[in-house]
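Here the protein sequences line up with chains L and H, keeping their order.
FYI, in the numbering used here the residues of the first sequence are 113 to 327.
FYI, in the numbering used here the residues of the second sequence are 113 to 327.
Please keep in mind that the hints were generated in silico from the structure rather than gathered at the bench.
Fair warning: there could be bad hints in the mix.
[What the hints assert, rightly or not] Per label pair, the in silico range of CB-to-CB distance:
1) L:Ala280 / H:Met159: 22 to 28 Å
2) H:Ser264 / L:Pro320: 29 to 35 Å
3) L:Gly134 / H:Glu284: 19 to 25 Å
4) L:Ser228 / H:Asp225: 56 to 62 Å
5) H:Ile282 / L:Asp283: 40 to 46 Å
6) L:Glu236 / H:Gly286: 46 to 52 Å
7) L:Gly134 / H:Val218: 28 to 34 Å
8) L:Met159 / H:Asp192: 21 to 27 Å
Glycine included, every Cβ here is placed at the ideal spot set by N, Cα and C.
In case you want the letters, here they are:
There are 2 protein chains.
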Amino acid sequence: MSEKAPVKKPGKMNDLSDRKQGSKVLFDKPGNFLYPIPAVMVSCGTMEKPNIITIAWTGTICSDPPMVSISVRPERYSYDIIKTSGEFVINLTTDRLLKACDYCGVKSGRDVDKFSETGLTPSESHTVGCPSIEESPVSIECKVRNMIPLGSHDMFIAEVTGVTVDSAYIDESGKFQMNQTGLTVYSHGKYLSLGKTLGKFGFSVKKPAKKKKRK
Amino acid sequence: MSEKAPVKKPGKMNDLSDRKQGSKVLFDKPGNFLYPIPAVMVSCGTMEKPNIITIAWTGTICSDPPMVSISVRPERYSYDIIKTSGEFVINLTTDRLLKACDYCGVKSGRDVDKFSETGLTPSESHTVGCPSIEESPVSIECKVRNMIPLGSHDMFIAEVTGVTVDSAYIDESGKFQMNQTGLTVYSHGKYLSLGKTLGKFGFSVKKPAKKKKRK
Numbered sequence: 113m114s115e116k117a118p119v120k121k122p123g124k125m126n127d128l129s130d131r132k133q134g135s136k137v138l139f140d141k142p143g144n145f146l147y148p149i150p151a152v153m154v155s156c157g158t159m160e161k162p163n164i165i166t167i168a169w170t171g172t173i174c175s176d177p178p179m180v181s182i183s184v185r186p187e188r189y190s191y192d193i194i195k196t197s198g199e200f201v202i203n204l205t206t207d208r209l210l211k212a213c214d215y216c217g218v219k220s221g222r223d224v225d226k227f228s229e230t231g232l233t234p235s236e237s238h239t240v241g242c243p244s245i246e247e248s249p250v251s252i253e254c255k256v257r258n259m260i261p262l263g264s265h266d267m268f269i270a271e272v273t274g275v276t277v278d279s280a281y282i283d284e285s286g287k288f289q290m291n292q293t294g295l296t297v298y299s300h301g302k303y304l305s306l307g308k309t310l311g312k313f314g315f316s317v318k319k320p321a322k323k324k325k326r327k
Numbered sequence: 113m114s115e116k117a118p119v120k121k122p123g124k125m126n127d128l129s130d131r132k133q134g135s136k137v138l139f140d141k142p143g144n145f146l147y148p149i150p151a152v153m154v155s156c157g158t159m160e161k162p163n164i165i166t167i168a169w170t171g172t173i174c175s176d177p178p179m180v181s182i183s184v185r186p187e188r189y190s191y192d193i194i195k196t197s198g199e200f201v202i203n204l205t206t207d208r209l210l211k212a213c214d215y216c217g218v219k220s221g222r223d224v225d226k227f228s229e230t231g232l233t234p235s236e237s238h239t240v241g242c243p244s245i246e247e248s249p250v251s252i253e254c255k256v257r258n259m260i261p262l263g264s265h266d267m268f269i270a271e272v273t274g275v276t277v278d279s280a281y282i283d284e285s286g287k288f289q290m291n292q293t294g295l296t297v298y299s300h301g302k303y304l305s306l307g308k309t310l311g312k313f314g315f316s317v318k319k320p321a322k323k324k325k326r327k
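Let the sequences and hints guide you as you build the complete structure.
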């Protein structure tokens, strides 16, 4: 790996001319290194007996139909609830919800009422029987379509059946400004806020149209 | 949903006392709202004919064994390469790699040599035959264990077989400082840098041990 020739076109698309080539090393053991990722609060159960489990092993897996996955250890309290009901809601986490999010990841619903302890409010969902978290800016209602045992975790493959967002972040043009809600990420053991916007999808091939107009 | 009673324990774990309850609205159509997520450069193919495809539909799905998923549209150039070889490498994206990352998401390997165009260097992987991206601070080598057609995308379920990291970010104690590599995220059409560290996993239940010592 380290014997490779130096970059032939340094700086063409990246400012990496100062980077030492061949500095990559192999870890002794393979592990989970895919970061940063969302740490979401998954609500499940019923309006009468709701629960929350914080999950970072989640992702979007299909655009059409919109589908997501969450992976849950079978020994977790929420595992049987989700398996039996076939429903859950992914609630996104913001800086102001972070303490509750962390709490719901380390405590068990067997021992505490997480809604009560965190002060979060269960709200009725539109397409599933389990509650959403009222205070989260985005709640993604999901119905389980498949379950795959993988090892330490079982993966629930689910279809998104409804999405509610906080109308406070819908601008005058009707667009939902998701990145103004204070979203956080989880990366290698730490929770972080989002930093500055670096670009828009497709920016690398975008023609400088505005410049032309000004000429 | 909007007729719910106000929060009973406002501010117990969240500073949300100023938030208007019942402000959540349902979108007309369910969609992909799980953000922020990693936009990773997936390398595939061979050292002689390597390719890169940028993917945001990815996630960790199991801790033991370490497993990840990537979802790819069957019409994408990389789809057949990954399906045939059963191997790929997830390379994390940083601010300095962002333009290349975006480029590899909008261009097709049918039309351009993405390594050549971006100036990135294919480096030999340790556990798979397809190349890693030398300039990425973290490369996650993966072997496909299962493939599930879902709709617009097929999901490749894979086991992590090797991880290489840039030794420049390993500190004196031997710890890899992943969050100092300049990692970026993708959120609702935008790429963003990471902001400030807000807490460590478990911070919500951590006893203030240091304070006691100082007394």
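| request: Check each numbered hint from earlier against the structure, then list the numbers of those it violates in ascending order. | output: 1, 8
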